[in-house]
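**Q** First to last, the protein sequences are chains A and B.
Taking UniProt numbering, the leading residue of the first sequence gets 1, the next gets one more, and so forth.
Taking UniProt numbering, the leading residue of the second sequence gets 1, the next gets one more, and so forth.
Hints are computed from structural coordinates only; laboratory data are not their basis.
Predicted model, so just to flag it, every value in this text is computed and none were measured.
Just so it is clear, CB atoms sit at the ideal spot from N, CA and C, and this is done for glycine as well.
Warning: the hint list may mix true and false statements.
Each pair of labels, with its calculated beta carbon distance range [what the hints assert, rightly or not]:
#, chain 1, residue 1, chain 2, residue 2, range
1, B, Arg150, A, Thr238, 54 to 62 Å
2, B, Arg150, A, Arg225, 14 to 22 Å
3, B, Thr125, A, Pro254, 48 to 56 Å
4, B, Gly158, A, Ala401, 35 to 43 Å
5, B, Ser248, A, His223, 57 to 65 Å
6, B, Val31, A, Leu270, 35 to 43 Å
7, B, Asp71, A, Leu51, 51 to 59 Å
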Amino acid sequence: MSIPNSVPSQDAAAGSLAADRQDERLVQHHGPGGALRAFVARIRGGDLGALPVVVGLAIIWAVFQALNPVFLSSTNLVNLSMQCAAVGTIALGIVLVLLLGEIDLSVGSVSGLSSAVLAVGFVQWGWPLLGAVLAALALGAVIGLFYGLLYTRFGVPSFVITLAGLLGFLGLQLLVLGRTGSINIPFDSWIVQFAQQMFLPEWLSYLLVLLTVLAYGWQGWTHARRRAAANLSRLSTTSILLRCAALLVVLAVPTWYLNRTRGVGLMFLLFLVLVVAMNFLLTRTRWGRAVFAVGGNVEAARRAGIRVRRVYLSVFILTSTFAALGGLLAASRLAAANQSSGGGDTNLNAIAAAVIGGTSLFGGRGSAYSALLGIVVIQSISSGLTLLSLDASVRYMITGAVLLLAVVIDSLSRRSRQAAGRG
Amino acid sequence: MTEPSGIPAPAVRPHERILAMRGISKHFGAVQALTDIDLDVYAGEVVALVGDNGAGKSTLVKALAGVYPPDGGTIEFAGRQVTIDSPADARNLGIATVFQDLALCDNLDVVSNLWLGRELTVGGTLDEVGMEQQSWKLLRELSAKIPSVRIPIASLSGGQRQTVAIARSLIGDPQMVILDEPTAALGVAQTAEVLNLIERLRERGHGVVLISHNMADVLAVADRVVVLRLGRNNGVFQVGDTGVTGESIIAAITGATDNAVTRRAAQKNPEKGGEP
Ligand SMILES: Nc1ncnc2c1ncn2[C@@H]1O[C@H](COP(=O)(O)OP(=O)(O)OP(=O)(O)O)[C@@H](O)[C@H]1O
Ligand SMILES: [Mg+2]
């Protein structure tokens, strides 16, 4: 709206300061030391981000390594990475519903159903493999659509809808599997090969790391240039280079370490790509902005003209589809589907991973990366305890305790955010 | 999508009727919040909507904003009969609203809130730089005292939040701007800026509906004052006509010439008597 008569008096006085740095109350953080101080201030304000989970992961790894030196071996970490992919993909869907302040308790059953559809369709009914895969994914999408319609049309709480789904789709899974109960998927099929045997060649893994860092740096640099052109504060070239260097270390060191044995599995890479893609959609698109808005304040989002129903529908569909994809990955890694596919702790691990990774249960706060961080924590605990030959009982209790800790941190940081005015 | 500066004046010529609401009614359960309300707004005119607490002002505004579609009555906007079933409908028609409860998302930052639902994009992705730049321009025009547009709304003061809500209604190209008690929490300078803004909107030919309990503000900027009382029309006053004073409007608001306001005035200056 043009308001021609107003002469913003501050502009003249502001001199060369960037448009967003003119308020004198704004605490200025200059240079690397300043960046550190800004970081500390943010943490104190309850904006913890990924910090608790990174610290927690470091502790967990240190403890298990001390108890059993095999834990941090390259072989074990390759295994760990492959174990993360299936449930991690399911957790990615959970992150999405949690961002809306809703929940999906049926992801385990849906993933089990999807495993069953793959195995029965491909092995027993002789469908082409790709057809079976697509059918399983489509079934996931339809289930999500069904949840979304129930939620948006009748306003039934997602907790209840998906609890019904948990039972219903478990039943359907048993029905699909029929009397055999367990079906093996041939080892030479590409999907089992993909999940068990395919690893990135060493040169390609480093090339991907390099390209990722270059893309990150290029994007940071063009963004800084556009901000400077718009007279807004910008990151200095030095800090962009520092960030690129940090990213290079974070990516290249694990890649090198995994490459000492089998390397980076394609299934794990698929999971990483999905996480990065979801992060992009959530932070860089109008759809992602709408998801956060609906999670923060539905009524405000509706009054801003956002089609709230479509946001709910899209998220429920994505969550169930990710659950179905997770089921496909789990079945291919196991080379089988059976009555306990998607059962046991799949559901709880997926939900726990999203929360442990830092996505708030209260909606409107979180990140796609919490699925990655959270699932690494959970699988680390599981793998470490297996190496110590402790059985499931201890694993359940420890995972439960970690989940409880994560939820307490979430609630506490919410409180200190409110005190520090960060919403 | 139009940028905040350099927006063309609305398609409607000045002094044409933009809005005609006829016989609007709305009930919430057993409460008849609105009964048979008529409201006209002309281009280049500021209409003040006044009334006691619970008179139905916000409900009328929400009917217009698509938040609570009315039970009965007709709405004519820019010469066409329209139905406004959702906030998106209202926005597409060119009706922008500052709600009394502001309707902001606490978890999002100022820029995201300002552009919510109509974000600028480049190549399919959010144009954060463009939005931030225009946000600053807009906020400066409102003399907003906001230290940073990249902090969550939750960390702003009540008045700063109100300024953000007002700024948001100016994004896009609304033909009509509705402000539900926009200055309730504002400082002296910010209130003056909002009143200036309302006058500039009028000069540019927009229709403005202002809800306020502050009679001085109302008389300062409004061309016409529409009074609601217990959910019904209770008089229209042309500001500037002889006999239209704060007292006569207050009498219509409270429904009596002998009301709490006049009695209080009488106690303070006994020599002037209780009559307005
Ligand atoms: N969502 C709702 N549900 C039930 N009743 C409502 C609702 N919104 C408003 N009302 C009722 O409608 C009537 C008019 O309310 P409204 O908010 O329009 O008053 P108002 O004129 O804006 O008052 P104020 O000056 O206090 O803002 C009140 O009696 C109120 O109780
Ligand atoms: Mg009101």
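**Q** Confirm or reject each hint.
**A** Right, here's what the structure says about each hint:
1. Against the hinted window of 54 to 62 Å, the Cβ-Cβ separation of arginine 150 of chain B and threonine 238 of chain A comes to about 21 Å, which falls outside the hint.
2. In this structure the supplied range 14 to 22 Å holds for arginine 150 of chain B paired with arginine 225 of chain A, their Cβ-Cβ distance being about 19 Å.
3. Checking the proposed 48 to 56 Å range against threonine 125 of chain B and proline 254 of chain A shows it is violated: the Cβ atoms sit about 29 Å from each other.
4. A hinted range of 35 to 43 Å for the beta carbons of glycine 158 of chain B and alanine 401 of chain A is consistent with their spacing of about 42 Å.
5. Hint check: serine 248 of chain B to histidine 223 of chain A, Cβ distance near 59 Å, so the stated range 57 to 65 Å holds.
6. Checked against the hint of 35 to 43 Å, the C-beta distance between valine 31 of chain B and leucine 270 of chain A comes to roughly 56 Å, which is inconsistent with it.
7. Evaluation of the 51 to 59 Å hint for aspartate 71 of chain B and leucine 51 of chain A yields a pass: the beta carbon distance comes to about 52 Å.
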